[in-house]
Amino acid sequence: MLKSAGQELISALESKLGAGAVRAVEPRDIEEPRGLFKGQAAAVLRPANTAEVSVILKACNAARVPVVPLGGGTGLVGGQVMGEGPVPVLLSLERMASIREISPENNTMTVEAGAVLADIHAAAEGAGRMFPLRLASEGSCRIGGNLATNAGGVNVLRYGNARALCMGLEAVLADGTVMGGLKRLRKDNTGYDLRDLMIGSEGSLGVITAAVLRLYPLPEARHTAFVAVPAPAAALELLHALEAVLPGAVTGFELIHKTGFDFLAETGFSLKPPLEAGAWMVLLEVSGASGLAEILETALGAALEAEQITDAVIAQNEAQRAHFWTIRETIPEANKRIGSISSHDISVPVSEVPAFIAQARKAVSPALRVNCFGHMGDGNLHYNVFPPMGGNRADFAADRAGIARTIFDIVAEFGGSFSAEHGVGRLKTDDLERYGDEGRLAVMRRIKAALDPVGIMNPGAVLSV
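In terms of my numbering, the sequence shown is residues 930 to 1394.
Since the hints were derived computationally from the structure, they do not count as laboratory data.
Please note: incorrect hints may appear among the correct ones.
Claimed, not checked - Restricting the straight-line Cα-Cα distance to at most 27 Å, the calculated cross-link-like pairs of lysine-lysine (BS3-like) are: (1) K987 to K932; (2) K945 to K967; (3) K932 to K945.
As the list claims (entries may be wrong) - Cβ-Cβ distance ranges computed for the label pairs, FRET-style: (4) L1126 to G1177: 43 to 53 Å; (5) D1191 to A977: 42 to 52 Å; (6) L1204 to E955: 19 to 29 Å; (7) P1033 to D1324: 34 to 44 Å.
Just so it is clear, CB atoms sit at the ideal spot from N, CA and C, and this is done for glycine as well.
Throw the hints in and build the complete structure from the sequences for me.
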């Protein structure tokens, strides 16, 4: 049975780790960004290196005290917030934020898990390289949390999730065992891929402490456009047309409903759509060698003639390109200000996106507002349901579970996933039980029992039992 963290344990760890290793809990440490969860903790432990992480976990394992890893605190499924049960300690790698090495020759960067994603971007670009993982929270999220949740973002279409961008990984298991693996190798066929086991485990198997990241050359050219489309089916046709004439160059393809722009205006953001459109728009980006501009313009002209699009505007400079992406990345903040009844981070096969959107809209009361947007290029949509204008989400609290069940049932019909890029956390453990494969869940439980037999690592996250 797990026990609450006591002052004796915390004092003992402080004496072993030294000044600065322990700080008091602050409200931001135990609150989920959307306010759905509020947690508890006895203290925040701040190791300075991997050896100190090992000391902490070994001591907590012996004392049977739960440990909740804490990154930037930007997760949206409650994986970083433990509100029930024995009082845990929070393990923050905020002091382990260094970029150990950048190797342009190998296209790799070795970083500690506490490094902020924006700092990684800046370091890569300073070396003439690019790290493709781009998230709205990149100014505060940390790479350890990005890897622990297998974060996605806007460039998955071309570069893949965080998993695809990690070549090597170091982690500490519940009993303090340090699992090394910071090799800069593209090929290392020597047994089980423990790196991939830790990625996406959400701190339930151990703590990621460092990683070797995959870098890419900076593209010679990058072109971004907003286009108006008559319907999601037309957007899908456009995606296939662009991939045919620009193979490997389409790096972003974001479907946006006009509700997103309505919410921006409603919540005080002075961000207007760059063109007049109906219900749907696409924000797309192509990147690669020079000469893409002419191909893109020709392709959009052909799409206009084929009635796949009704209008288009291509960014004429970097400032306009950045403005286009600012519009897209601000929509989630507008959503937050409106206050959703139920938010869904789902994925379906790309070919099924239009049919899913149509069926899901019919299943949700027409009195409620739906903001559907997201990464159409990889089948990941944020399908969020909101009160009528002027309504309050608290008035619909009783409807939340039913709406989520309806949407997830439809997702399952289309062979999709109820969690595309945010993970399971504590919010979706029941959904994993309902929609997950029984054999797969059994294997997950065996792995959890083998690596964390006492159960101290982020209890209640991913697996409810």
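Hint check:
1. K987 to K932: holds, 15 Å
2. K945 to K967: With a Cα-Cα distance of about 30 Å, the restraint between K945 and K967 is violated, given a limit of 27 Å.
3. K932 to K945: Distance of about 21 Å is within 27 Å: holds.
4. L1126 to G1177: 43 to 53 Å: Roughly 30 Å apart at Cβ, these two residues miss the hinted range, so it is violated.
5. D1191 to A977: 42 to 52 Å: Between D1191 and A977, where Cβ atoms are some 48 Å apart, the hint holds.
6. L1204 to E955: 19 to 29 Å: violated, 44 Å
7. P1033 to D1324: 34 to 44 Å: violated, 55 Å
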